[in-house]
Amino acid sequence: MKTQIVALAASGIALSLALAGCSSSGNGGSSSGSDATVAIGSLYEPTNLSNVDGGGQGVNEAFQDNVYEGLFRLGDDGKVTALLATSTDTSSDGLTYTFTLRKGVEFHSGAKLTSADVKSSIERVTAEDSQSSRKSSLAVVQSIETPDDDTVVVHLSQRSISFVYNLSYVWIVPADETKLKTEEDGTGPYTLGTWKRGSSITLKPFADYWGKKPANGGVEFDYFTSASTLSNALASGRVDVITSIQSPDALSRFTADTAKYTVSEGDSTTKELLAFNDAKGPFTDVELRQAISAAVDRKALLKAIWGDYGTVNGSMVPPTDPWYEDLTSVNAYDPAKAKQLLADSGHADGFTFTLDTPSYDPHPAVAQYLQSALEKVGVTVDINTISADEWYTKVYQQHDFEATLQEHVNDRDVVFYGNPDFYFGYDNADVQKDVADAEQATSEGQQTELLQRANEQIVEDAASAWLYLYPQIVVSDEDVTGYWKNGLNAQFPVSGITVS
Amino acid sequence: MTVYVLRRLGILVLSLAAALVVVFALLRILPGDPANALLAANATPDQVQAARREVGSDLPLAQQFVHWIGQMLHLDLGTSFTSGLPVLPDLAQRLVVTVPLTLIAFVLAVVVACVVGFVAAARADRWYGVLLSGVTQLGIAVPVFWIGILLVQVVSLQWGLLPSSGFPRDDWTYPGDALESLALPIVTVAVVMTASIARYVRSAVLDVLGADHIRTARALGASTASAFLRHGVRSAVVPVIAVLGIELASTFLGAVVVESVFALPGLGSMLITGIEQHDYPSIQGVLLVSTVAVLVIGFAADVVQRIVDPRLRTSVSGNR
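Read top to bottom, the protein sequences are chains A and B.
The first sequence maps to residues -15 to 484 in the numbering used here.
The second sequence maps to residues -9 to 310 in the numbering used here.
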């Protein structure tokens, strides 16, 4: 008997040695220099490969400016510069834009970029069955002409100062391409290598790229479903960079080891909102909304959720938007004033409301914080935990809620408050007029002035409670450089990343 | 025996048909619309309508069901609502992770469990017999994911020996890499499986060792091991086979947990993503595969049991 056990133990050891000794020939793998492959860890696997068919945040992260390019590009500083368009002429009434295309640009399939491709690419977004989140922003496009192969003329139904900015999200794809959900054909510095569902996407440098060659030999996006697996992957060397850290717990091990890791905090556009239903239910009452806003110590909340990271913002406008101003003092934390406002609105004895809380981080923790903070002023919060999908149906589509928590990712999205049919239900004629006028402004100065005025009103009315701005944290091995820090709209251009 | 196998096959097919109906119905009871997965956060009613048309959720349920069954009869599992990719190749790609993981862990567990269970039974009066028995008890009590997390912390992060997560992009092209990625998940699954199988082996062996014919063999001079091997194995193995079937099936289904701890692109992660995105074709595909797997494993266990144990073949009730 004894010999059997020994034999078993021996074979077990042999097996584990054999496994440990296997060479890692194909996996992950960063050597160094310009041939090195960079492995990037992310939580956002694309749902599919198209940004007009519900590909989600993940496809923007992996493809925007890497595989696909627009006529314009949104830089890490929030500024828009020309990319596939080399010159832009705007008519004096602001209704006609004439773009000249860059010469010598080829799609990955080898076809030459022409004005017909640009026309059809814009029309894919504005088409009736388009599922693009940009559809309504580009609804001003009335018609598109292509007088020759290198010229595109776009006619707008009304002035739209954000038009060029909005074009930075329109990927230019070949006019005859139909399988964009599962294949790609862009003009960017990389082509799609493999997409292994549930696991990874690899990008390979495109040999005939018109611009600057990538600084690396290709990249691999590795996808994870939990923040802890993701940070383990960086700690164990499987990936070189992780695109965003979603919990402060995961962060401490990297900040503690500065010799090995670089932790960079950039500007973020992701806002955590306590959104009231301003159109029906208790929160139609402005004083009540102001009371709730004044009852929440946003600094302490942020500290509880994120430690020393993130910022308290005070409105929907993040510092990277041109119309940012510091409004944190409006409806600031003041429990005494909160109680007074509650009394003024006829709720001196407190009241109860239901908070629809998405089940994923950080909302449940935020909800609990709000519950205990509001209890101190006599307000009871019923936390109703719902899935992302339920949120979409119940809150977003049916407006069937009293208050909810949600993260709003996009920049320049204060304009949502100009739409009374949006789920916020905020209906203020002055704000709507300012938002509409701002879009038709003739200069950015005028646009800024109008949106600032609108935002001041929105904040004064406590249309929502803007709790904080998420931190935008990228962590990498210390020898990895050249990535963007700000992650505006989830894009993560990789062609400048190197491993030294 | 042939009659039995045929009848058992008939039951298999009927169960499968029933399972199909249940799978379809259960998914439709879930709140939410699959079209939502395609939509951005500011979709217009037109966009919602277009998305519903695209995924077919605007059709009556009966029509959706008939369409699905029709597809399956052509061995077509449909196309994912969200990714636009056909489900079948995706499933196949997941199976090359989940099946080896389950089977290798199973074989490992059976081998170790037989030895451990036998020693724990045969030496139930010695300290190491008691110790082994205690350890198996502990193994059952510990949750699978905890063992996984522990192994990652120690083996990958502290010792830097094996990868903490993931599976090679090129699957089994480099078997060494694939095995390396699966090593910790396999051990994780095997530990828990071993513990529970060993408990059954131990009690089966205890029963047999107490039997008269083994005592007689021992009295004639055979060692415990040889008396058991020659005269006891068959009777001890019968109850264990039934348990093995159940263990294998539940491990296959339970791979969801291990796969998420190790970020493996297996069947489990496909199921979870599918559910999050309301991607009915993917969920149906995964459930179909796992239902077939469980039914076939159950079928195989029954047949093997019958081959091993002649008593089952002759008894009246055993022929049902």
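Be a bit skeptical, because a hint or two may be false.
[Said to hold, decoys possible] Restraint-style ranges between C-beta atoms, simulated for each label pair:
#1 B:Thr34 x A:Ser484: 42 to 50 Å
#2 B:Thr163 x A:Asp192: 23 to 31 Å
#3 B:Leu140 x A:Lys360: 37 to 45 Å
FYI, nobody ran anything at the bench for these hints, they're computed from the structure.
We put the CB at the ideal spot given by N, CA and C, even for glycine.
Quiz item: Is the distance from the Cβ of B:Thr163 to the Cβ of A:Asp192 consistent with 23 to 31 Å?
Solution: For B:Thr163 and A:Asp192 the Cβ distance comes to about 28 Å; the hint holds.
Quiz item: Does the Cβ pair B:Thr34, A:Ser484 satisfy 42 to 50 Å?
Solution: Holds - the Cβ-Cβ distance for B:Thr34 and A:Ser484, about 48 Å, lies within 42 to 50 Å.
Quiz item: Is 37 to 45 Å a correct range for the gap between the Cβ atoms of B:Leu140 and A:Lys360?
Solution: 41 Å, holds
When each numbered hint is compared with the structure, no violation occurs for any of them.
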